[in-house]
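Both chains are sitting in their own frames, so use the hints and assemble them into the complex.
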Amino acid sequence: MKNHVLRPLIVAIGIVLLILAFRAVYVPKDFGSYERGYTYSWHRKGDQDFWNKFTIKYRGKEYCKDCHPDKYDKINKTPHKIIICENCHGPAVDHPSEQHPKLVIDKSREQCYRCHVKLPYPDTVRGKIKGFLDPEKHNPGIECVTCHNPHDPKLGGA
Amino acid sequence: MLNRRNFLKYSLAGAAGLAVPAGIKASTGSAPAEPKKGDTRWVFLVDSTKCVGCGLCVKACKNENEIQYDLNVSRTWVERYVVTKDGKVHADSPKAARDGFTTQEIDQGHHGKDIVKPGDITKAFFVPKLCNHCENPACVQVCPVGATYQTKDGVVLVDRTWCIGCGYCIMACPYGVRFFHPVYHTAEKCTFCVHRLHAGLKPACVEVCPFGARKIGNRLDPNDPVTRTILDDKVQVLKEEFGTKPQVYYLGLSMEVK
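Protein chains in written order, with numbering that gives the first Met the number 0: chain S, 0 to 157; chain H, 0 to 257.
Looking at chain H on its own, in the form it has when it is part of the complex (with noise of 0.2 angstroms):
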């Protein structure tokens, strides 16, 4: 039977009890897990108001990841969003601007073009977009035989020997980064050039930007300037709401960019 006196006994040796493993934290000091020295989390930092759409990063990313120059597939790619008088946005990527842009009409496929007068502009900018690489890939969740994955430093990468070419991480992908590659028929999508990084070269498409558009860095180093950016200044990523924290940030980004 539990009187006031036991209750009293055994709540303060409950009590005391609990302070035991508080001490032992205390006395250890094990603080939230500190990213060890070394330790790296690639990340993304696309400025685009320095973009002029040359395209010479698509090129780029093609030659270097071996994706069929003339086929319409690419791993990365540049938009052109061109917004007018009357609030109408027009938008194109042609050849995912392999090319760059070359004239003012706004290609719409098979829509045909847009001609736009200039005075009618009332904005006019391009947004480079590549894999997000996000830190929740809904791309990898769906994936049902373990084909793709996210490595330690936060790359997603595909086994092209494993991908059975289901499709699934196309379709999960809100940022529509993934395709099926021309030749080897599996998933195919950017890897942040791991294969460069590793040897400590920028990927192919930040070495080549002639404007500083595109830049990488390790998230991990407080001292790293793609770190110091994303944490001292106003940047976005891309359709947040997904819930996916995308590891590509953008500065200078308009509400206009899907």
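Chain S with its partners taken away, still in its complex shape (with noise of 0.2 angstroms):
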């Protein structure tokens, strides 16, 4: 072969070595194509631990009921039992720990107007539910729970 074919080919060869050696070093080795194959799962099949390891923040009911036994009893017998404690005392996550000793609570007047602003809507369950349709002249600036026991809806204060 001719040295001006010669030399330029030796040079793009040159450059495909360099970016295989790059792509050997940079590319981890659990990368590859795995239970979906190469069109649904090409990947590093590390990041599966990743995501696995994500911190858990929502504990669930069941979780408060051993240490905040008289709560969990009392919310249980009102319609209020469908919702979950975290919902208005934020997410345990690790509660109690040095980091979350105390959760802080959501006492806005908003966190009740997500059920219990009226929405005239023909069958649906949200227009079932008893609420205010214009919520603001009902005592306002003041915290529902105030008056209402979120616990016990139907006693008065929390």
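A couple of the hints might just be wrong.
[Unchecked claim] Okay, the calculated beta carbon distance ranges per label pair:
no., chain 1, residue 1, chain 2, residue 2, range
1, H, C165, S, C146, 50 to 58 angstroms
2, H, E255, S, D93, 40 to 48 angstroms
3, H, D113, S, D122, 16 to 24 angstroms
4, H, P221, S, F53, 24 to 32 angstroms
5, S, D122, H, N222, 30 to 38 angstroms
6, S, F30, H, E240, 29 to 37 angstroms
7, S, G36, H, P221, 23 to 31 angstroms
8, S, G36, H, G108, 38 to 46 angstroms
9, S, D29, H, D38, 20 to 28 angstroms
10, H, G111, S, I18, 39 to 47 angstroms
11, H, V144, S, F53, 21 to 29 angstroms
12, H, C165, S, D72, 49 to 57 angstroms
13, S, C146, H, G108, 31 to 39 angstroms
Because the hints were derived from the structure by calculation, they are not lab data. For every residue, glycine included, the Cβ atom is placed at its ideal position computed from N, Cα and C.
Structure follows, in structure tokens:
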């Protein structure tokens, strides 16, 4: 082969080898196609561990039961039993711990508005929930929990 | 030369040869791959008729998955549809319904607000939405670097360290469930809360829903209540015509929902 063909060919092959060498170093060992083949599962396997180890924040109602049995039993006798504690008390994460010794309770009017602003929608569950068409006319400026106990909505203050 | 005698001889031998593999197959009984015990394919069931639009699912999702609470991005959201007597469809999802629906005004963004008189409403309903974790996810096919993928149990995930932020997947998703993470600047989406599923918990949105409008199940378990509903009841999926085979099933979906 003539010199003027050979020399750029060597350069081209060199560049390809360089790219392959870089790829071998840069691409993680666990990169490949897995269960769903190249089309859907071409990825770094280790990333699944990242998502599996993500911190759990919401623990569910049963998590609160052992330390707060009074509140747990109380709310379970009311229509509010369908609302889990963390919806208002905030995610427990690892409470009680150094990072989360006390949870921040959402006592805002807006928290109650989520369900108790009356929306006149026929044949919906929302239309049947007791509430106000215009809640700002009912004791504006003070928290609902001042008069209504969310753990037992039929009773007075929290 | 192939004469009649040889033709018949070879045909007979050929037919016998064809029968051998069939016999082997019959003897080993290799039926189509039955799902093995313990196999999982997560599916989601949304009962649109139960949703009241409280938005607690959106709040919980943002908290659980560390999505910036005050930015207008969310992995899940709730849409409100109000259909009036003149046939118009008024739909909105203010702040992804993070604070629920607390007014009768329909938020139309920079077009202002639609005021709908209660007497004009023919029907109204809420529709929670999230990633459909499609059997054939279009978003995964288009990724040029292999940063998004489907796991064995059907969940579609994004590798934050590998995503280059080109946004192809965000454009490819027919359901618009993907967005850029405001901090990592990578594609972001619902994970079905895999970290919770692996710990034996339900996804955060399912856990907190007071009305049972959201449910998770294993499609490969024929006794799973969600699987039973999908098999026995009249369920729908979103944008079936795209061929993505979405795995979020809806009960009581109305035709206005896009």
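Review point. Lying within 39 to 47 angstroms: is that true of the beta-carbon distance G111/H to I18/S?
Key: violated, 55 angstroms
Review point. Given a hinted range of 49 to 57 angstroms, is it respected by the beta-carbon distance of C165/H and D72/S?
Key: holds, 54 angstroms
Review point. Has the hinted range 50 to 58 angstroms been met by the Cβ atoms of C165/H and C146/S?
Key: With Cβ atoms ~54 angstroms apart, the hint holds.
Exercise for review: Could you say whether the range 23 to 31 angstroms given as a hint is met by the Cβ separation of G36/S and P221/H?
Suggested key: holds, 26 angstroms
**Study point:** Outcome for the supplied range 16 to 24 angstroms, where the beta carbon pair is D113/H and D122/S
**Key:** holds, 21 angstroms
Point to revise | Consistency of beta-carbon spacing, D38/H to D29/S, with hint 20 to 28 angstroms | key: Once the Cβ atoms are compared, 22 angstroms apart, the range 20 to 28 angstroms for D38/H and D29/S holds.
Exercise for review: Given the range 29 to 37 angstroms, decide if the beta-carbon distance of F30/S to E240/H lies inside it.
Suggested key: holds, 34 angstroms
Exercise for review: Starting from the hint 40 to 48 angstroms, judge whether the C-beta atoms of E255/H and D93/S obey it.
Suggested key: The hint (40 to 48 angstroms, Cβ to Cβ) holds, given that E255/H and D93/S are roughly 43 angstroms apart.
**Study point:** Distance restraint hint 38 to 46 angstroms, applied to the beta-carbon atoms of G36/S and G108/H
**Key:** holds, 41 angstroms
Review point. Does the Cβ distance between V144/H and F53/S fall inside 21 to 29 angstroms?
Key: This hint holds: roughly 22 angstroms between Cβ atoms.
Exercise for review: Using the beta carbons of D122/S and N222/H, state whether their distance is inside 30 to 38 angstroms or not.
Suggested key: Holds, at about 32 angstroms.
Review point. If you check the beta carbons of P221/H and F53/S, does the distance land in 24 to 32 angstroms?
Key: holds, 30 angstroms
The structure shown violates just one earlier hint, number 10.
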